[in-house]
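Starting from the known structure of chain A, arrange chain B on it as the hints suggest.
The chain contents come next:
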Amino acid sequence: QITLKESGPTLVRPTQTLTLTCTFSGFSLSTTGVGVGWIRQPPGKALEWLALIYWDDDELYTTSLKNRLTVTKDTSKNQVVLTMTNMDPVDTATYYCAHTLGGTSRHAFDIWGQGTMVTVSS
Amino acid sequence: DIQMTQSPSSLSASVGDRVTITCRASQRIATYLNWYQQKPGKAPDLLIYTASSLQRGVPSRFSGSGSGTDFTLTISGLQPEDFATYFCQQTYSTPITFGQGTRLEIK
Chain A
1 QITLKESGPT LVRPTQTLTL TCTFSGFSLS TTGVGVGWIR QPPGKALEWL
51 ALIYWDDDEL YTTSLKNRLT VTKDTSKNQV VLTMTNMDPV DTATYYCAHT
101 LGGTSRHAFD IWGQGTMVTV SS
Chain B
1 DIQMTQSPSS LSASVGDRVT ITCRASQRIA TYLNWYQQKP GKAPDLLIYT
51 ASSLQRGVPS RFSGSGSGTD FTLTISGLQP EDFATYFCQQ TYSTPITFGQ
101 GTRLEIK
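Chains as they are written, first to last, in our numbering: chain A, 1 to 122; chain B, 1 to 107.
For reference, chain A alone in the conformation it holds in the complex (with noise of 0.2 Å):
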């Protein structure tokens, strides 16, 4: 069974850097094939994809936030860590990590955490 949990603060300030951590189980991210992504929602919005970091160490970004995201694997720990630089107030969303389906769907994502609501605001 594959499980997905969010970790980080719940409150960032403006300007500051957002560490997030996703921890899971039930898949290995050395594992030809497997994929871990990151996608945010602010509150009664859309959902907007920031990041995705394949088995192989390939690192997916979106345009638009490209210069302030790095993602991260440790396979040991079972984790991906997701970090966002220069906070501001419209970064407030609840932040997913998710597991991809792999084989023919490229990157679409299976299995999702249950999400962290992260709010920026000093």
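Derived by calculation from the structure, the hints in this document are not laboratory data. Note that this is a predicted model, so its numbers are computed, not measured. Among these hints, one or two may not hold up.
Here are the simulated PhoX-like cross-link-like pairs (lysine-lysine), alpha carbons at most 25 Å apart as the crow flies [stated by the list, open to error]:
1. A/Lys5 <-> A/Lys73
2. A/Lys5 <-> A/Lys77
3. A/Lys5 <-> A/Lys66
4. B/Lys39 <-> A/Lys5
5. A/Lys73 <-> A/Lys45
6. B/Lys107 <-> A/Lys45
7. B/Lys39 <-> B/Lys107
8. B/Lys39 <-> A/Lys45
9. A/Lys66 <-> A/Lys45
10. A/Lys5 <-> B/Lys107
11. B/Lys42 <-> A/Lys45
12. B/Lys42 <-> B/Lys107
Just a sample of chain A residues kept apart from chain B, beta carbon distances all over 12 Å, derived [what the hints assert, rightly or not]:
13. Gln16
14. Phe27
15. Ile39
16. Thr94
Heads up, incomplete: computed chain A residues facing chain B, CB under 7 Å, no partners named [what the hints assert, rightly or not]:
17. Arg13
18. Thr17
19. Leu47
20. Gly115
Virtual Cβ for every residue (Gly too), placed ideally from N, Cα, C.
For chain B alone, kept in the frame of chain A given last:
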């Protein structure tokens, strides 16, 4: 970036109805189109991947079709638990993009 446009933005229907939600891509994406269902306060659930493949465990009343730029999600015989928000997602190219969502409400 590929823009995904869903219609309608909201929809009212009754239990037992057949409903269709449309998603249009700003450029051709073959069949790299996925559908998700999201209930309030919960993470999205994958329903359909690669336009028409039913995710494991999803009821057969959900179906998807389309290729290129135009896609549909159909729910045949709405059940009370189907009232939620639905999102499409393209994975043809990065950045991965989602539609704005369609809120399905009880009439």
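Taking the hints in turn, this is what the structure says about them:
{"no.": "1", "hint": "A/Lys5 <-> A/Lys73", "verdict": "holds (14 Å)"}
{"no.": "2", "hint": "A/Lys5 <-> A/Lys77", "verdict": "holds (13 Å)"}
{"no.": "3", "hint": "A/Lys5 <-> A/Lys66", "verdict": "holds (23 Å)"}
{"no.": "4", "hint": "B/Lys39 <-> A/Lys5", "verdict": "holds (18 Å)"}
{"no.": "5", "hint": "A/Lys73 <-> A/Lys45", "verdict": "violated (28 Å)"}
{"no.": "6", "hint": "B/Lys107 <-> A/Lys45", "verdict": "holds (23 Å)"}
{"no.": "7", "hint": "B/Lys39 <-> B/Lys107", "verdict": "holds (17 Å)"}
{"no.": "8", "hint": "B/Lys39 <-> A/Lys45", "verdict": "holds (13 Å)"}
{"no.": "9", "hint": "A/Lys66 <-> A/Lys45", "verdict": "holds (21 Å)"}
{"no.": "10", "hint": "A/Lys5 <-> B/Lys107", "verdict": "violated (35 Å)"}
{"no.": "11", "hint": "B/Lys42 <-> A/Lys45", "verdict": "holds (14 Å)"}
{"no.": "12", "hint": "B/Lys42 <-> B/Lys107", "verdict": "holds (22 Å)"}
{"no.": "13", "hint": "Gln16", "verdict": "holds (25 Å)"}
{"no.": "14", "hint": "Phe27", "verdict": "holds (15 Å)"}
{"no.": "15", "hint": "Ile39", "verdict": "violated (8 Å)"}
{"no.": "16", "hint": "Thr94", "verdict": "violated (9 Å)"}
{"no.": "17", "hint": "Arg13", "verdict": "violated (26 Å)"}
{"no.": "18", "hint": "Thr17", "verdict": "violated (22 Å)"}
{"no.": "19", "hint": "Leu47", "verdict": "holds (4 Å)"}
{"no.": "20", "hint": "Gly115", "verdict": "holds (5 Å)"}
In summary, the structure is inconsistent with hints 5, 10, 15, 16, 17, 18 from the numbered list given earlier, while agreeing with the others.
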